[in-house]
Each structure stands twice: as structure tokens, then as C-alpha cells.
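S.K.: Residue strings, one per chain:
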Amino acid sequence: MSGNETPQNPDELFVASERVMSRGMRLLGDGIVREKGLFTISVVCSVLFGAMTVADAWVLGWATDHLIRPSFERGEVVTSALWAAIALFLGVAVLRAIGIVGRRLVGGVVYYRLVAGHRRLVTRRYLALPMSWHHRHPTGQLLSNANADVEAAWAVFMPLPMAVGVVAMLVAAIAAMLLADVVLTLVGLVVFPALFGINVFYQRWLSPKVARAQSLRGDVSAVAHESFDGALVVKSLGREADETRRFARHAEELRDANIEAGRIRSLFDPILEMLPNLAVLAVLLIGVGRVQSGAAEPGDVVQVAYLFTVVAFPVRAIGWVLGELPRSVVGWDRVQRVLRASGEMPYGALESAGHGAAELRLEGVHHAYGDGPEVLKGVDLVVRPGRVLAIVGATGAGKSTLTTLLSRLVDPTEGRVLLDGVDLRDLTHESLAAAVAVVPQGTFVFDDTVRENVTLGADLGDDAVWDALRTVQADGFVSALPHGLDTVLGERGTTLSGGQRQRLVLARALVRRPRLLVLDDATSALDPDVERRILLALAERTAAGDGPTVVVVAYRKATIALADEVVLLDEGVVAAQGTHAELMAASDSYRRLVDAYDQAREAAR
Amino acid sequence: MSTTGRGTPTREGGLDIVRRGLALSPEVREGLGLTLTLAVLSTIGGTAVPIVVQRAVDSGLGDGGRIDVGALVQGLLAALAAILLTAVVAYVMRVRLFVASERGLTTLRVRAFRHVHDLSMLTQNAERRGVLVSRVTSDIDQVSLFLQFTGIMLVLSGGQIVVATIVMAFYSWQLTIVVLAAFVPLVVSLRWFAGRLSRAYDTVRRSVGEMLAVIAEPVVGASVVRAHAIEARTQQRVDGGIDANLSANVRAQKLVAVTFASAGLSGGLAIAGAVGVGVWLGVGGRLSVGTVIAFAFLVGLVVGPVQNATQVLTEAQNAIASWRRVIDLLDTPAEVVDPADPVPLPDGVLGADFEHVTFAYPDGPPVLQDVDVRIAPRQRVAVVGETGSGKTTFAKLLTRLMDPRDGAVLLGGTDLRDVAFADLRRHVLMVPQEGFLFDATLRENLRYGREDAGESDLLDVVHRLGLDDWLASLPAGLDTEVGQRGESLSAGERQLVALLRSALADPELLVLDEATSAVDPHTELRTTRALERLLDGRTSVTIAHRLTTAENADRVLVFDAGRLVEDGTHAELVALGGTYTRLHASWVAQSQMDQGARMET
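Sequence lines, in order, name chains R and P.
To convert a position in the first sequence, counted from 1, into my numbering, add 85.
To convert a position in the second sequence, counted from 1, into my numbering, add 37.
Just so you know, these hints were derived from the structure itself, not from any lab.
Careful, some of the hints might be misleading.
Claimed, not checked - Some residues of chain R that are not near chain P, with every Cβ distance over 10 Å (derived): (1) Thr224; (2) Ile259; (3) Leu274; (4) Gly282; (5) Ala336; (6) Asp354; (7) Arg422; (8) Gly433; (9) Asp456; (10) Glu459; (11) Arg472; (12) Phe529; (13) Arg536; (14) Asp548; (15) Pro567; (16) Asp631.
Unchecked claim - With a straight-line Cα cutoff of 20 Å, these simulated SDA-like cross-link-like pairs (lysine to any residue) come out: (17) Lys291(P) <-> Ala240(R); (18) Lys294(R) <-> Asp178(P); (19) Lys291(P) <-> Ser226(P); (20) Lys294(R) <-> Leu182(P).
Note that beta-carbon positions come from the ideal geometry of N, C-alpha and C, so glycine has one too.
Using the sequences plus the hints, can you model the full thing?
M.R.: Structure below.
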């Protein structure tokens, strides 16, 4: 029982680490180009910060040689130097503060803009890519591509400006050391690369452990999801203790992985903190000798020593970038996969001309999903305007596929679907959507008001909305909602039952007054009585010349009873067609199928 | 304690939460004192540096004169020892912290998970499940980040500030006052910043929730968006969510940057003040050169922690809020609890009695009112009624997924509240409408009914329910992977698995919620036969959606608006001319397929 919600798969990360540098550089390049203006500002600010950090140490050195020691030697304050030193300390602090604000604010803005920009790009692809593409990708994966993966991809940009500034700072620090004393610089030349090297080694060692923990975290979440979803089964079978054991097993695995990563952190963090302090001791030891031999001023020694204490922490930013890079590359690769996916569905330029119920015609329609076997193998059908057609067939006969072709959620691999004689592919998207309404099996409710859920932004009056709600017997429960049409539904709003959702989705289709209405098991969650009333109301409207042509995938006898005509689909072909009575007389397989209910009834006796 | 759970926790509230949270994770509290002591000790190494600088400067480096090399080397060695020792202490402290916090939080995680299963409310609201999952995942993760990074950083920062201040005071109380005074404006403004930061991050959190909801639309609602050609509108909504999130983040980032920078500014003020006043005092002979320079280093030891503190403030608030949510969950009492002194159920097939049972959800109107009914052993009962009539509540009370507000539910004459769960589950089993399957093989899913079932038990039960041909038709037989939530199987097949599972569990009283969604007729037929064999010899209560189920029952109970309105056999009730007669008429109309039924319209 493994989880699929894992935002990271450690294997993916290990593979990535081999080429992480080259991919990482391209990722950095891409982000820098996208936000070059702001990124430049953040780097300039970061360099200012780095320079001022080094300057701080220089000021202390200067103050030692020009203010502190002379004043102590003379026994009186060297006033000019005092004011100069104070001005220098404060000036450096102000400039450094400006650098910090610029680096953190502008650097943060760069990151947030990159993330927001890519969220827009990814969701635009989601809207443009065809249903066939959506069917191939699990929902959880697509959601994490737009959220966690986009964030991971650009996460490296958070510490990046600081890291660039640190590189500048290190160069400045070495230069300042060289100016102060060549021999003392040697300490820096040993310690800085050591800091850098340890950081790299640390991150390389740590990041697979962190990735593993991340993947185990996904497992824990998947087990919790599954277990809570099946809570009723767990409870009624009395399996709470076993479920808790199963969850505990995963939680303990995560715990051990976290402890393992924690041990590495526990080892390296103190080493990284200790190293600059050791450097200061070395500087003092060497420095004393240099001052004694007259090769260096005491201020130089103080300055170099101080440099190590101020530079130590920022240097870790380089480690953060390197540590973040593999994770970012994995996220970036996943996002790129969405952005590169092709297969937009092109629409035609014709406006649908007809009015009232439409005529539907299928000519030699074949369909296969990807390289799979054909689901539809040459379907020919005509539904005259205003008629109700029921599609009947066993599981896997191709019923649902047929309904998705009617609104071009997918296109036939061969053959044509015609609406009033016009190929659906020649119609504009808008006129196709206006003419055909499909009510699918699932009921998707937007996080919005009841009104918006019905109109979907179309300019429709409340009368039209209530009319549609009445037709689907939903006016009762909607007017009982706390704010009527303005009641917010969804995760943060009112929760509807399955049957209520189905009625809302039906109203959504009806309010647009489609010319062809396609129902794919769209009434399964309704009480039989409610279902019947809705279907009767629909049939009445159609009979009065005010309703659409209806194609309905039928499972219940009441539904079939309302149809003018029935089509029996069998393994992707029309096995029989006619009125129910004709089919009962003519087709054995049809009889067997619809009689199965009666047989079930017999068997139960 | 059980405050709103969101928003800005007060200082006291925060500490209370930490205290209570630690009490719930004894592994964390155990040895915490030592860990914290080590944490404070581990800040001492840093202060060795300014001291050794002072000694070096004052022992001759400062005036360029003779240097007492022996004393200096001694000082350096002492500092080296202090730094190395500190590193070791820091290592030990961190390992202790990681191990203790991970162990403690795993205990808390598992306990919260179990509690979720013990809460009866879980069964009534699907929308809350996602929230409950985050209680045992991301909320606990937040707490662990707090204990391992944010919280310990606060302790280390505090420790370092205290130790550095002590060393400063040891050198010169005047300069210490100067340095501390430089930080006063920051500390004062920090209170102002903290309030704004926490509000800014509240806005960020809200915007994240709203953004995630709209981003789900083009994915989860992909076919709706295409079918109604609302791509542009959807993109607008998505962009709106993304932009709101972006601007909330930028607003928060502004505050963070300014807060962080002002700590650095205070540091500059402190150094300038320390050097200026230090020189003035030193000239008066009260301070050495080394001391003044050491102060510059000591100020550095204070600035870092203060900067960190401003940064971790908001993270700490988030973590405390998460911790509070987990604690609130554990504080929610499980309404249905195992009896302290259970009464064993008698052997044999049992009947069930409802004695004037009334049920209402907390603060809600009664869903079921004064239901009084006796179900004899081996009786086959069908429960019918419109949605919201109370028939599902009836079933839940019978399986003790909930307890009645008034009255009692008895099994074999024993109040369900006096029966141990383990005992009850052996006798009573509910088969929900949707046969929920776990992402595993068919075998594992069947064994969910009885853990110790062997291969022959499984095949035997398949045979008994007449499903050998179905099993043979599966690609890998019992080893077939059913997929997430059983999605590799059809809805009807999932229902079959649920029936097999129930047959393995072998209860004496079965409560069935009949599936409403359409299943193709062949599977339907199989299900009906399997069900028939399953029910044989047991007491059963079925929430019926089909005419045949009610027709075949020994007895039909009709619910309307929370009351039991009719009770009798199918034939009696049809003749009664009441609710059931009406329901029956619509069922009949549905199943009649002839022209006549169509003419009726």
C-alpha cells in the first residue's frame, strides 16, 4: 500500500544528481533571464551587503590603529578620529541595512514572481491540453506540478542573491586581507575553501537523506488519506488497531529517516560554526609574531580576525544553494514536462447556425485511446431533432467514450460527428459549447456561489437560474440554503450531498439552453422518484418543442422508458437499434441485458 | 485552551500550548532539561573568541610592545579547548534533540491518527477528511521543524545573548549598558513588527488556501471547463488566486526584510557606541584597549541572535498554531467509547431492539425521533425512505457508529454501550454503499475482513457466494492489484469484494447500505446472488433503494422526516395507502418499460 502523492521520489533525485550541475545551471539561467532586472538589483544589493560586511571589519581595524591605540597612548581622545570612526561605523551599518532590505525584499520578489509566473504557465497548459492528455495523468500529480513542483523549481532563487553576494564578499575579504597582511591571508586561503568544501560535501551527503525522508512523508500522508477515506470500513470491521499499526509502521520509518538526516546535520552544523573561530585563533597566533617582527600593524590583525567572525555565517548561503539545487532540478524537470506537452485541440471557425433542437449524426466513428485497442469500431447513428436516444450496453461497450465524442472532449480517430450537418471540428469552441451540453458522471462543484456554479460566468438572469433549478427539482434545497443563490459552496462553504450536486450540475447544463444534451449516468445519485420527475420534466420540455435533443446513457429502466429510440452498443459497434419494443423482439443480447434486472429479481426470490 | 485555533496566539497561550504539547510527547520532555543546558553551554565557545582577542591585545599586541608569548599561547590553547569542547557539546545536544523530538512527535502522530478513527463524527463528513489528514501530516511536520530548528534557535539565541551579556558585564558595566541601549529601539519596534508580521502571514496562509482551490479547477474540473468553454473565465480565476498570493507574499516579505535589516542597524549603533564610549572611558584609565576591541566582537555575538529571533518569530507562531490544532483534535472527546466494564454478548444469532431512540447531531435538530422497534433473530428487514428521512442514521446507530441522544439500542438484550467494540464487531457488520478498497491486492483486501484467513478460507468464501467464475475472470486472480480506492475494478466488482469481505468476517447481524449508482446488469445479477447467499441465516437490515429488496424482505420499515411511520410486510404496506404506497408506485413506474408507462407522461 504505497503512496502516490510523494512529491519527490528519491530515485529520481539520485539520477538527477549526476547531471544536476548542468541542468541546475540551465535552470538558474532561465530564471535569471526571466527576471533579469529585479535579479540584477537583488545581486547589486547583495554585493553591497557583502562589501559592507568586509568594510565593517576594515573600519574596526582602522579605528584600532587611528582611534583606540593613539587615544590610549596619548591619554586623551583623538576627537577627529572618534567622529570619523562613529560616522564610518554608522555609515557602513546603514549601507549594509539597505543591502539587506534590497537583497531580501527584491530577492524574495524574484522568487515569488518566478513561482507565480510558472503557476500561470502551467495552468494555461492544463487548460489548453486535450482531455486525452488529462486522462493519462493522475490528478494528484498535476496538482503537485502546479504547486509543490513549481515552488521546488525556484526555491534555489531564495538563497541565490545572497550566495552571489557572498562570492563578491569573499573576493573583497581576500583583497582586504592581502592589503592588511599577506601571511595572514594564508589563513583565509585555507579556511574559505575549507568552509566551501565542507558545505558542498555536507549538502551532497544530506540531500539524498532529506529526499528519502520527503518520500516517506508522502507515504505517511497517503496511508492517512486512504485510511480516513475508508474510515467507515475500518470502523465497521473493527480494524482501528490494525490501521494504527500500519500507520505507525510508516510513521516510524519516517522518524528513522529524519533522525538519520538529523545526525548528519548535528555533525556538520557545529563544525561549520567552529571553523571560523579556529581561524581567529590561528590569526592571533600568527598575527602576534607578525606584529612583533614589525611586519604588521595590530589593527591589521584585529581586522582579519574580525573578518572571519562576520564572514562565517553568510558563507553558508553557498551551501544552501548547492543543497537546494538537486531538489530544484527535479521540480523544474517535472514542470518542464507539462510545459512541453503538446496536443492542443484546434477549433474551427464556423458559428453554429441552427436554432432549437439539433440533429446529431455519427458517420463511421472509430476511437482508440492512445495506442490502445479500438473502443469504438465504426459507429453510424442519426438522432433527429427533439428526439430522446438511450444508449444501452454492458460495461466497456464504449458508451462513455461515445458521449465524450459528442462535445469534442475527444475527437474520433476516424469518421465524423455532425451537428445539423456540420462537422464538430469546424465549429468554434464557443458555438460548440453553446450548442452541446454534456453532463458527465463526476460532479464538479466550483468553490463559488450557487449562482456562479450554475451560470459559470455567463450573463444569465436569476429567473433563468431558478427555472433551470426548478426543472431539476433543486429549487427546494437551494432556497433552503442560508443565502439562497448567494450561498458559497465547496471546501470553505456549504457541503452538498451527492444527489444535490448532481442536480446542480444538471441545472448548469440546462440553463444554457443547449440544442443537444448528453447525459452520462448523470442521475445515479438521485432517489429513483426524483430522477423520474427530472427526466419527465425534461421530456415534457422537449415534447413541447422547447427542449434539446437528448442522448442519455441508460442504466435504469425508467430512463430507457423515456427514450424514443434505443441503441445497443456491443464492443464498440451498434449491435441493434430501434424502439425498446422492436429491440426486445429483434435482439437476443438486448433482451438478455435489460432482462438481467428481472433475472436478478427472480434469483432473489 | 480550545480557542479559535487560528490567528495570533497570545504569549501565554503559546507557552501553554508548548507545555501541553510536550506533555503529550513524553519522549521530548524526557531529558529536555539536560538538552537545554547543553544548548546554553554550546554558546560559550563563541564567547571564547572575544576574550582571547582581548587578552592578546592587552598582553602586548595592542601597543606593539613585548608580548608575553607563553601567556598568549596558554590563552589560545584554553580557547581552542573551549571551542572544540563546545562543538562536541553542540553535536551531542543536537543529536539528543533530533532523536527525542522525532520519537515524541511520532508518538503524537500515531496517537492523533488513532483518535481520528475513534471520533464518530468522522463518518458523517467527507469534506473534513482532508483537514484531518493534515493534522497527522503537515501540522506535526510544522511542530517538528519548530522543535528541531526554530525553537532550538530561539534557545541558542537567547543563550548566546545571555552569555555574551554576562561576559560584557564582566568587562565593563558601562559599555554593556551602551550596547543594550542600542537595541532598545529595535526591541520596542519588534512588538509592532510582530503584530504586523503575524497578520501578514495570516493573509498569506489564507491566500494559499484560496489559490490551491482555484488551481484545482482546471485539473479536477477539466472536462467541465472544456464542455462549457469557460477556459478564459477559469484562467481569470486562477490568475486572480495566483496574483493575490503573490502580493500577499510580497507584502510579508517587505516586513521581513525591514525587520531583519533593522537588527543589523542596531548592531552598527552598538559597535559605534561601544567604541566611542569605550575610548572615552579607556582614556580615563578605566578600560584596556583589548576590552574595547573585544566589545566589537561581543556585539557581533548579539546581533546574529537578534536577527535570527526576528526571523523565527513568525515561524514559531505558525508552529504553535499547528501544535494547537493537533492538541485540539486530541481534546475532542470520542463520543462513542469502549465501556469500562463490558458485558459479553450471548452466543447465537441475535436480534436487535430500538427503545425510544432519538438522535441529533450536536446543536442540531433531531434526525431520528422516538424510534421504537424490535428486530427478531434471522429477520430480514428493509429500511426505506427519502433522502434525509433518517434511515442512514438508523443504520449507524445499529452498528454503534454513533450513540443515541435518548433511548437505547440493544443487541440480544444488551445495551450496545455496554458491549466491548471487539465483541460488537464480531457480531455486527455494516457494509457501506461504496465498497471501499485499499490500494493492495484482492487477497489483502479480502483479509481485511478476517486477518487470519488462509488461502482455502478465501477460495471457500468465493465459492460459497458463487463467484468462482468472476474470480477466474480477473487477470491475476487473488493477486490482482485493485488500484487506488479499488479503481482498477468496476463499481459493481468493488461491491462484490465488500460482500466477500463481509462473508469472511462472518457476522450475525448485517447492516447493508444498498448501492444507488448504476451497475451493469451482469454484475448486478452476480451481486444479487452473492448477497442472497451472504444474508442466508443471518439477521439483516438493508437500506433499500430497489423495489426487489423491499419486496423480498420479511419486513419493511418506512422512515419519513426522522420518524418510523410504517412497519409491516411489503404486501401490507402497499395496501396501506401511505408513504410506502407512494414510493412503491414510483418504483413500479420506473421498472415498467412498456409503452403504457411512457403514455402516462
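S.K.: Against this structure, judge whether each hint is valid.
M.R.: Evaluation of the provided hints:
Taking the minimum C-beta to C-beta distance to chain P, about 6 Å, the non-interface status of threonine 224(R) is violated against the 10 Å cut. Every CB of chain P is more than 10 Å from the CB of isoleucine 259(R) (nearest about 20 Å), matching its label as outside the interface. The claim that leucine 274(R) lies off the interface holds: its Cβ sits roughly 20 Å from the closest Cβ of chain P, which is beyond the 10 Å cut-off. Listed as a non-interface residue, glycine 282(R) keeps its Cβ farther than 10 Å from every Cβ of chain P; the least gap is roughly 18 Å.
A Cβ of chain P approaches the Cβ of alanine 336(R) within 10 Å, the least distance being about 5 Å, so the stated non-interface status is violated. Remark: the non-interface label on aspartate 354(R) conflicts with the geometry, its nearest Cβ contact in chain P lying 7 Å away (cut-off 10 Å). Interface exclusion of arginine 422(R) from chain P stands, the closest Cβ pair being 15 Å apart, more than 10 Å. Separation of glycine 433(R) from chain P is adequate, the least Cβ-Cβ distance of about 13 Å exceeding the 10 Å criterion.
At roughly 19 Å from the closest C-beta of chain P, the C-beta of aspartate 456(R) stays outside 10 Å, upholding its exclusion from the interface. Glutamate 459(R), annotated as away from the interface, keeps every beta carbon of chain P farther than 10 Å; the closest lies near 20 Å. Every Cβ of chain P is farther than 10 Å from the Cβ of arginine 472(R); the closest lies at roughly 13 Å, confirming the non-interface assignment. With a least beta-carbon separation of about 4 Å from chain P, phenylalanine 529(R) fails to lie farther than 10 Å from that chain, contradicting its non-interface assignment.
For arginine 536(R), the requirement that its beta carbon stay farther than 10 Å from each beta carbon of chain P is met, with the minimum near 14 Å. Taking the minimum C-beta to C-beta distance to chain P, about 20 Å, the non-interface status of aspartate 548(R) holds against the 10 Å cut. Distance to chain P confirms proline 567(R) as a non-interface residue, since its nearest Cβ pair spans about 14 Å, more than 10 Å. For aspartate 631(R), the shortest C-beta to C-beta distance to chain P comes to about 15 Å, beyond the 10 Å cut-off, and the non-interface label holds.
The suggested pairing of lysine 291(P) with alanine 240(R) holds, with an alpha-carbon distance near 18 Å, which does not exceed 20 Å. A C-alpha spacing of about 16 Å is found between lysine 294(R) and aspartate 178(P), which places the hinted pair at or below 20 Å, so the restraint holds. A distance of roughly 15 Å separates the Cα atoms of lysine 291(P) and serine 226(P); the hinted pair therefore holds under the 20 Å criterion. Our distance criterion of 20 Å between C-alpha atoms is met by lysine 294(R) and leucine 182(P), whose separation comes to about 16 Å.
Violated hints, listed in ascending order, are 1, 5, 6 and 12; each of the other numbered hints is respected by the structure.
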